[in-house]
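According to the numbering used here, the sequence shown is numbered sequentially starting from 2.
FYI, nobody ran anything at the bench for these hints, they're computed from the structure. Just to be clear, a hint being listed does not mean it is correct.
[Unchecked claim] The calculated lysine-lysine pairs, modelled on DSS-like cross-linking and capped at a C-alpha distance of 30 Å, are: (1) Lys147 - Lys33; (2) Lys68 - Lys147; (3) Lys33 - Lys230.
All values derive from a computational prediction rather than experimental measurement.
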Amino acid sequence: MAVSNNLTAILNFIAFMCSIPIITAGIWLASKPDNECIHWLRWPVVFMGIAVLLVSLLGFVGAYWKKEGLLGVYLVLMAILIVLLLVILILAFVVTRPNGAYHVPGRAYQEYRLEGFSPWLRNHITSSDYWGRIRTCLADSSICPKLSQEYITPNDFFAAHLSPIESGCCKPPTICGFQYMSPTSWISPSNQAVDADCFVWNNDPSQLCFNCNSCKGGLLGNLRREWRKANIILIVTVVVLIWVYLIACSAYRNAQTEELFGRYKRGWT
Numbered sequence: 002m003a004v005s006n007n008l009t010a011i012l013n014f015i016a017f018m019c020s021i022p023i024i025t026a027g028i029w030l031a032s033k034p035d036n037e038c039i040h041w042l043r044w045p046v047v048f049m050g051i052a053v054l055l056v057s058l059l060g061f062v063g064a065y066w067k068k069e070g071l072l073g074v075y076l077v078l079m080a081i082l083i084v085l086l087l088v089i090l091i092l093a094f095v096v097t098r099p100n101g102a103y104h105v106p107g108r109a110y111q112e113y114r115l116e117g118f119s120p121w122l123r124n125h126i127t128s129s130d131y132w133g134r135i136r137t138c139l140a141d142s143s144i145c146p147k148l149s150q151e152y153i154t155p156n157d158f159f160a161a162h163l164s165p166i167e168s169g170c171c172k173p174p175t176i177c178g179f180q181y182m183s184p185t186s187w188i189s190p191s192n193q194a195v196d197a198d199c200f201v202w203n204n205d206p207s208q209l210c211f212n213c214n215s216c217k218g219g220l221l222g223n224l225r226r227e228w229r230k231a232n233i234i235l236i237v238t239v240v241v242l243i244w245v246y247l248i249a250c251s252a253y254r255n256a257q258t259e260e261l262f263g264r265y266k267r268g269w270t
């Protein structure tokens, strides 16, 4: 019984350590400018990491001080958390699989088509119900103004590896044929009918291309890139948590069996 409890305590310490990369990944996601503008996407991973941390501590206390009731509660709660993490992972993979990015000849950066991304993301982030607030947040950020300080000449700008948001929101689509003046100031071509975004572009720093479909695509491109990076950390962590949980279940079951066997022996002596 003591051996099983000690093993369970060690396993819960490992699970406690697994909560750290989950929380770190969540904080990294929450610190990104695009996630700052989408409030409901900022904290779910952080909350999940904190929940894993607290449940692991519960299991550690139950194992170390031989509180069988706490161990039983720990096993139930950890199973729920692992299922929730798997749901988040599957959802993230499904909605970030489509990619609306495409290469532009003569440019180091990519541009983005809104139609190329997941319908779920488009409906939940770039619909008219949400975009007004997100657009205002992006316009108030320093994402676009800093480009004028970083890139002076057209060659510097065209050779830059812009983020999806910078490419989609801070400049007009290349297909429009605008003439470069600065990263956020362009001379309109004589014919703008090639794309609807060409009419939307405005040199006003508060307007730029924040109402363009290319900006919405750029935001989704940013989310896709960041969540796919975070998913790598989450996959490794969830695999370790499942392994720890299965061993903890086995140790708990063995401890229960040993206790019953001990009671049975004492009944015959």
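Now for the hints, and whether the structure bears them out:
no.	hint	in the structure
1	Lys147 - Lys33	holds, 16 Å
2	Lys68 - Lys147	violated, 57 Å
3	Lys33 - Lys230	holds, 13 Å
When held up to the earlier numbered hints, the structure conflicts with hint 2 and nothing else.
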